[in-house]
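**Student:** Protein chains in written order, with my numbering: chain A, 1 to 789; chain B, 1001 to 1153.
No lab work stands behind these hints: they were computed from the structure. The C-beta atom is built at its ideal place from N, Cα and C for all residues, glycine as well. A hint or two may mislead.
[Claimed, not checked] No more than 30 Å apart at the CA atoms, straight line, and that leaves these computed lysine-lysine pairs for DSS-like: (1) B:Lys-1143 x A:Lys-22; (2) A:Lys-15 x B:Lys-1143; (3) B:Lys-1143 x A:Lys-11; (4) B:Lys-1143 x A:Lys-428.
[Claimed, not checked] Covered stretches of chain B, as calculated for chain A (at least 3 residues, CB under 8 Å): (5) 1021 to 1035; (6) 1065 to 1072.
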Amino acid sequence: MTIMGTPRLRKEDPKLLTGEGKFVDDIHAPGELWMGMVRSPYAHAKIVSVDTAEAAAHSGVHAVYSGKDLEEMGLWIAPLPCVWPVTDDMLNPPHVPVVTEEANFVGEIVAVVLADSRYGAVDAAELVEVSYEELPAVASLDAAVTGDALAHSDLDTNKAYHWPLVPDPDALDAAFANAAHTVTGTFVQQRLIPAAMEPRGVLAVPSPHGGDITLYSSSQVPHILKVMVAATTGIPENKIRIVAPAVGGGFGAKLNINPDEILAVTLANRLGLPVRWTETRSEAAFSTHQGRGQNQTIEIAADAKGKILGVRVHLDADMGAYMRLITPGVPLLGSFLYTGVYDVPAFGFTCDGYFTNLTPTDAYRGAGRPEASYAIERAMDLLANEVGVGPDEIRRRNYLNGGEAFQDLEVASTLVFDSGHYGPNLDKALELSDYASLRAEQQRRREAGESKQLGIGLCTYVEICGLAPSRALAGLNYGAGGWEHALVRFLPTGKVEVVTGSTPHGQGHETSWSMIVADKLGVDPDDVEVLHSDTAISPLGLDTYGSRSLSVGGVAISMACDKVVEKARLIAAHQLEANPDDLEFSGGVFRVKGTPTAELPIQGIAYEAFTAHNLPDGMEPNLQEQMTFDPPNFAFPFGTHVAVVEVDEDTGGVTLVGYTAVDDCGPQVNPLIVEGQVHGGIVQGVAQALWEEAVYDEAGNCKNPSFLDYLVPSSMEVPSMVLDSTETPSTSNPLGVKGVGEAGTIGSAAAVINAVCDALSPYGVTDIEMPATPQKIWRKIQDAKGGEA
Amino acid sequence: MQIDMTVNGRAYSADVEDRTLLVHYLRDHLGLTGTNVGCDTSSCGACTVHIDGQSVKSCTVLAAQVRGADITTIEGMANDEELHPMQEAFRQCHGLQCGYCTPGMVMAATSLLSENPDPSEQEVREGLEGNLCRCTGYHNIVKSVLSVAGGQS
Ligand code: FES
Ligand code: FES
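Work out the full structure, taking the sequences as your base and the hints as a guide.
**Tutor:** Here's what the structure looks like:
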């Protein structure tokens, strides 16, 4: 290992830096038609009539379709898929690309136009006349729970499912009965708009005589999309090719199967013409799923010293109007993490999923795990207050295995954590952030009565990634496996091609996978080409989400390389007339032990494998191997984040003035990329804590769909960050790697809110709802002062 | 409407709809798709180009408004052999991930340095306020720009 573990500049960059990168909206096909969507202005309404005549008569308009027209055309054979029916009796009202009877959220598609230009499609969509009969709308999760109105007229409840994970109810009751201390936290995980900078887009290009169709989509999941397009449209899977070209960020928002994708494919196929669409930013609040949307209650029972006896959690989760691809499973992804990094003898978790008349929710960076980490890490601070010790001390008293190193440890939520070593990780973060000095400065400001008070917040998170062992997914009722596929081939001239089923959208897989291959095969990383994201080139894959790429896909590549070396060893032994066991392989060269002159470089062997003139009897020509890796267990990265905020007591304004993170994702392939992932992840979590929220009015309208009001942070709102790492290898794969794509987001929201509450603690404030806006903070301070302001 | 302008040193003329935005003219008519569109409210800066040397969000102007202007897009920044120093700095400092905001960032950053060749970190952060990035948390973008500034001084 010489290249893995060292920072290396990215292969992807020159293209992206010069404008050569091709995103979907950059790709055109001759004769293409632009889709324009007619969207419901009501959160809940009967569709009385759709009049397409005026739009159809508009110049440049090719066709206009209502939902009924499309239904009659028989373009699909099944509704849009949900592959995670978490319980057998989960409610799952059919979600078709264009509604026919009842619109169930603002922005649901009611009709579609096809026009010959980008602007023409928008114009024509405005000319479609739809008359509606408004119905009572369920405009919030709270309203869904109350149940005064129904989100779907043909259901008699808003509750979609109840999912329990209570391994030992008696033990849990006993824990609370025997507790010296109990604390309860009730937290709101507000709805978030994922806001990848590239809006989603599609381009479907048919081949009317060949019978096949290519869909370009800004998707994280081209392989899953291919299966689902086949299952939804009835187009034979072997006639479908999906290409995810350059994809401008995903964060979970691009892992769905969307109405626009199905519409583009089916209309292009029917008309024999290319069909395209790109969402506008304001439209994305309706056309792309949102994240979070949970009300959480967490209770901790502890003994007199603050040692945890039990943790009990209940969630109400906002599904939005429909079950999208994995909507109901998102809270479950977090369920196992509500015990955090702590030794929790008794645990219970229940979740109720509810329909609302709002944009559907689904995975957003961390998907269930930031919520879990937030709840337990906020509750740990409540427990620290209750017991009267510092936030660092309460954590130390409760770490799994006393903070010492462990492997393969079963925790109360029934999972087996692969490895952990929490104590030194906390130590390092406290030292790096100069925690003691921060506390001293905090004290100084308090005593001086300064208007800008300091708050220091800790979060010691653990997350699940490496999704996932296929059998574990089966146990959760998930509709697919969690393996990843890799193929590694030497070309005759000694260059290497790697075909991967992982699908990058900013993570730098081409660079990292080249580094793994370079080390394994002893070749230059620049001689390795990584092929991905096109199902015609990479037919097998389960794509990129859940921080799975390295610990499943990267490991598959590494294991395929091992197979390549083993085959090459047999060829080398044959040609050097040696026993394969007497060959050593390093730096890309096979040598006969003890006979230094007898050697063959692997590139030479690749050529021999290509000509096949002199191979061992019965051996297949060519040097190419594949591997499908299905991990035996998840991977559990962890880390400590320390946020430092200044709260202006006069205005309620919060400034994040410092951020230190010490993450442990096991051995790192490319530390440069790891740092970048952590930086971006942290800021997304900070944004949830302080600024972002999709706000809906009582009628179910999103009041801030655009970047004017939805506050994605700019460079002005965040500081530079201080990062470091510890390294605890995973036992779940031969590289010992874990995953880091979501870690920053999973650690940061709790750290920031803990810091804000810490700053306000002299006022007796123990909680503040996210986003912690100046208004909310100012109000808390005024209330504490007796409301005289 | 008849328009003509110079883009990346090459003269173009065309007949476009009056309402055509400059960004759509560059992307859909000239095929210069390096300039991206990230929003519909002039908020994100993904579409930033230089018009007569000044950085401008190309979704905020009509193509017809810049008749006769000299436009530089991201495609005009590198020469045949090497990247522009700002592009190189983004590469060296890992200032991009998905790369969608990157062309706009590079254009805004070069124009920032032409106005203030030796900015502080705070000045860089202020100068890039109109350009949103969802991937990097800005840390390495700021580092990239400061590395060019340091290199110039
Ligand atoms: S596309 Fe121009 S500012 Fe967003
Ligand atoms: S690099 Fe992805 S938005 Fe900036």
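**Student:** Under 8 Å between beta-carbons, do enough residues of the stretch 1065 to 1072 of chain B, three at least, approach chain A for the coverage claim to hold?
**Tutor:** Coverage by chain A is violated here, the residue count being 0 at a Cβ distance below 8 Å.
**Student:** Taking only the CA atoms, is the gap from Lys-1143 of chain B to Lys-428 of chain A under or equal to 30 Å?
**Tutor:** holds, 24 Å
**Student:** Please work out if Lys-15 of chain A and Lys-1143 of chain B have their alpha carbons no farther apart than 30 Å.
**Tutor:** holds, 21 Å
**Student:** Assess, step by step, whether the Cα of Lys-1143 of chain B is no farther than 30 Å from the Cα of Lys-22 of chain A, and give holds or violated.
**Tutor:** Holds, because 26 Å separates the two Cα atoms, which is no more than 30 Å.
**Student:** Please check whether the stretch 1021 to 1035 of chain B has three or more residues whose CB lies within less than 8 Å of a CB on chain A.
**Tutor:** Contact hint for the stretch 1021 to 1035 of chain B vs chain A: holds, 7 residues under 8 Å.
**Student:** Keeping to a limit of 30 Å between CA atoms, is the pair of Lys-1143 of chain B and Lys-11 of chain A held or broken?
**Tutor:** holds, 20 Å
In this structure, the one hint that does not hold is number 6.
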